[in-house]
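If you read the protein sequences in the order shown, they are chains A and B.
Residue numbers for the first sequence follow my numbering, so the first one is 1 and each next one is one higher.
Residue numbers for the second sequence follow my numbering, so the first one is 1 and each next one is one higher.
Keep in mind the hints are simulated off the structure, nothing from the lab.
This structure is a prediction, so every number in the text was calculated from the model and none was measured.
The C-beta atom is built at its ideal place from N, Cα and C for all residues, glycine as well.
Heads up, a few of these hints could be off.
What follows is a list of derived Cβ distance ranges for each label pair [stated by the list, open to error]:
(1) K98(A) with G189(B): 49 to 55 Å
(2) E16(B) with D227(A): 52 to 58 Å
(3) D102(B) with A251(A): 41 to 47 Å
(4) A186(A) with W117(B): 34 to 40 Å
(5) G159(B) with D173(A): 36 to 42 Å
(6) K98(B) with A19(A): 26 to 32 Å
(7) D256(A) with L111(B): 28 to 34 Å
Number of protein chains: 2
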Amino acid sequence: MATGRGSDRLNVVGVENRAAPGPFLIVCEHASNHFPPGFGTLGLSDADRQAHIAWDPGALGVARRLARNLDAPLVHARVSRLIYDLNRPPSSTGAMAKRSEDYDIPGNHDLTPAEHWRRTEGIYLPFHTTLHGEIARRLAAGNPPVIVTIHSFTPVWFGTPRDVEFGIIHDADPTFARAVLAEAKARTGLDCRLNEPYSAADEVTHTLRLHATPYDLPHAMLELRNDLVADPVAETAMADGLAPVLSAALAAIRNDQTEGASA
Amino acid sequence: MATGRGSDRLNVVGVENRAAPGPFLIVCEHASNHFPPGFGTLGLSDADRQAHIAWDPGALGVARRLARNLDAPLVHARVSRLIYDLNRPPSSTGAMAKRSEDYDIPGNHDLTPAEHWRRTEGIYLPFHTTLHGEIARRLAAGNPPVIVTIHSFTPVWFGTPRDVEFGIIHDADPTFARAVLAEAKARTGLDCRLNEPYSAADEVTHTLRLHATPYDLPHAMLELRNDLVADPVAETAMADGLAPVLSAALAAIRNDQTEGASA
Numbered sequence: 001m002a003t004g005r006g007s008d009r010l011n012v013v014g015v016e017n018r019a020a021p022g023p024f025l026i027v028c029e030h031a032s033n034h035f036p037p038g039f040g041t042l043g044l045s046d047a048d049r050q051a052h053i054a055w056d057p058g059a060l061g062v063a064r065r066l067a068r069n070l071d072a073p074l075v076h077a078r079v080s081r082l083i084y085d086l087n088r089p090p091s092s093t094g095a096m097a098k099r100s101e102d103y104d105i106p107g108n109h110d111l112t113p114a115e116h117w118r119r120t121e122g123i124y125l126p127f128h129t130t131l132h133g134e135i136a137r138r139l140a141a142g143n144p145p146v147i148v149t150i151h152s153f154t155p156v157w158f159g160t161p162r163d164v165e166f167g168i169i170h171d172a173d174p175t176f177a178r179a180v181l182a183e184a185k186a187r188t189g190l191d192c193r194l195n196e197p198y199s200a201a202d203e204v205t206h207t208l209r210l211h212a213t214p215y216d217l218p219h220a221m222l223e224l225r226n227d228l229v230a231d232p233v234a235e236t237a238m239a240d241g242l243a244p245v246l247s248a249a250l251a252a253i254r255n256d257q258t259e260g261a262s263a
Numbered sequence: 001m002a003t004g005r006g007s008d009r010l011n012v013v014g015v016e017n018r019a020a021p022g023p024f025l026i027v028c029e030h031a032s033n034h035f036p037p038g039f040g041t042l043g044l045s046d047a048d049r050q051a052h053i054a055w056d057p058g059a060l061g062v063a064r065r066l067a068r069n070l071d072a073p074l075v076h077a078r079v080s081r082l083i084y085d086l087n088r089p090p091s092s093t094g095a096m097a098k099r100s101e102d103y104d105i106p107g108n109h110d111l112t113p114a115e116h117w118r119r120t121e122g123i124y125l126p127f128h129t130t131l132h133g134e135i136a137r138r139l140a141a142g143n144p145p146v147i148v149t150i151h152s153f154t155p156v157w158f159g160t161p162r163d164v165e166f167g168i169i170h171d172a173d174p175t176f177a178r179a180v181l182a183e184a185k186a187r188t189g190l191d192c193r194l195n196e197p198y199s200a201a202d203e204v205t206h207t208l209r210l211h212a213t214p215y216d217l218p219h220a221m222l223e224l225r226n227d228l229v230a231d232p233v234a235e236t237a238m239a240d241g242l243a244p245v246l247s248a249a250l251a252a253i254r255n256d257q258t259e260g261a262s263a
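Based on the sequences and whatever the hints tell you, model everything.
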């Protein structure tokens with residue numbers, strides 16, 4: 001998409017299956033733990049840069065397979081969330097976090113205004129400009145997409161195990177997320193919960209607020225416990241299980257709308 | 001702003017006072033009745049292209065003077081709303097209206113998908129990408145702007161005179177708009193009304209939905225009856241009257257927040 005590419009000098013955003021005509025558009029903001037040369041390592045060890053604080057392990061694999069199964073475009077990040085967390089606005093302390101869980105991020109302390117703007121202009125704006133362009137393309141074509149963002153979360157948070165396996169989170173409109181919850185409970189053996197382990201109140205729905213809510217697009221943020229998507233075989237199995245859940249959820253809300261319209 | 005400029009091949013967006021540090025950011029989506037050569041005249045006469053259907057007469061003059069008085073950046077369109085109405089999403093029939101009031105727009109009938117996308121990619125995306133970049137710059141600098149969009153409306157609509165002189169319209173959060181209404185009633189002799197002659201339900205708050213609401217930015221859309229801003233002298237007088245209204249409204253909501261925080 002020309003509009004996004006022109007400003008993506010750091011190659012921070014990837015778009016796959018651009019012309020795919022299926023009803024969904026898949027987004028993966030925390031797909032990568034890549035640290036481009038211009039940003040150094042933020043003072044982190046190799047092990048820290050492999051850990052869940054740097055990215056959402058398994059999320060890109062699930063997102064790619066979902067995009068294939070659902071014939072959907074995929075927009076994903078190529079840069080670690082520790083350099084810029086693309087699901088946070090530039091005004092958020094979480095955009096360039098000084099701490100993440102119990103990890104200190106030395107390279108994010110004492111950021112100058114110039115460095116704050118360099119990351120905003122170089123990472124945040126190209127990613128969201130590209131995503132906006134892909135959504136606008138679909139809106140212009142009369143084929144408004146359902147926005148699905150793919151995330152993973154750590155099974156142990158500050159020492160406490162988490163029981164939830166599959167969280168479905170929504171921004172302003174809960175309709176599609178509730179339908180996904182119902183279909184996931186019916187079709188999978190996962191422990192599925194609405195607005196867990198996070199919710200919009202935790203500031204985790206920025207991408208949806210920016211791109212789905214202003215256009216009244218059905219949307220959901222999917223959070224998978226990362227021990228369930230720990231290798232390519234598990235990622236594929238998860239995506240193959242979730243694709244029919246998403247399709248059934250969309251069919252369900254469209255049926256409801258049709259019945260409402262004819263009533 | 002590099003992100004916006006790179007894709008603005010048609011020169012559809014103007015930015016003035018970019019570095020101005022005042023608390024407001026002024027937007028004027030319907031500033032121009034320019035028809036770039038690549039789009040022809042849409043089959044309209046010279047007179048039709050001067051009429052209020054093609055732009056908001058007086059709005060740019062007011063917006064420029066307000067930006068000067070308030071030390072604010074101004075983002076304005078350089079293309080007629082009849083080619084693309086920048087306050088409408090690409091999915092809206094109003095983005096490239098076939099009719100406006102009682103005027104027929106021949107050049108907007110039977111648009112091909114390619115032409116729909118050409119205007120979306122060439123006009124809608126560069127304008128909103130540039131505006132997004134200016135807002136992100138302010139957010140990154142810790143100086144989140146109040147978004148004020150400037151519009152004008154025709155005094156006679158389908159033959160019926162309108163009494164309202166100054167309409168203040170909001171998207172999701174009414175706080176700032178209500179404060180503007182109170183200050184305008186106290187400080188001007190204008191017939192001031194909230195959410196008239198249009199409201200968010202009429203699909204007129206797209207710019208605010210896209211740029212103010214996702215960042216929780218205070219915002220208002222100001223609608224001036226165009227017979228009150230019919231020449232440069234009147235535009236200047238109106239802006240000089242409105243600037244202290246906006247400043248007082250902002251002071252009022254900030255005082256309320258401070259009191260709320262200390263209570």
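Hint by hint, here is what the structure shows:
Here the CB-CB span from K98(A) to G189(B) is close to 52 Å, well matched to the stated 49 to 55 Å. Taking 52 to 58 Å as the suggested C-beta distance range, the pair E16(B) and D227(A) conforms, at roughly 54 Å. Distance hint for D102(B) and A251(A): a CB-CB separation of about 42 Å, consistent with the stated range 41 to 47 Å. A beta carbon spacing of about 39 Å between A186(A) and W117(B) agrees with the range 34 to 40 Å that was offered as a hint.
The hinted window of 36 to 42 Å between G159(B) and D173(A) holds, with their beta carbons roughly 39 Å apart. Between K98(B) and A19(A) the beta carbon distance is about 28 Å. The supplied range of 26 to 32 Å therefore holds. Roughly 32 Å separates the CB atoms of D256(A) and L111(B), a value that falls within the hinted 28 to 34 Å.
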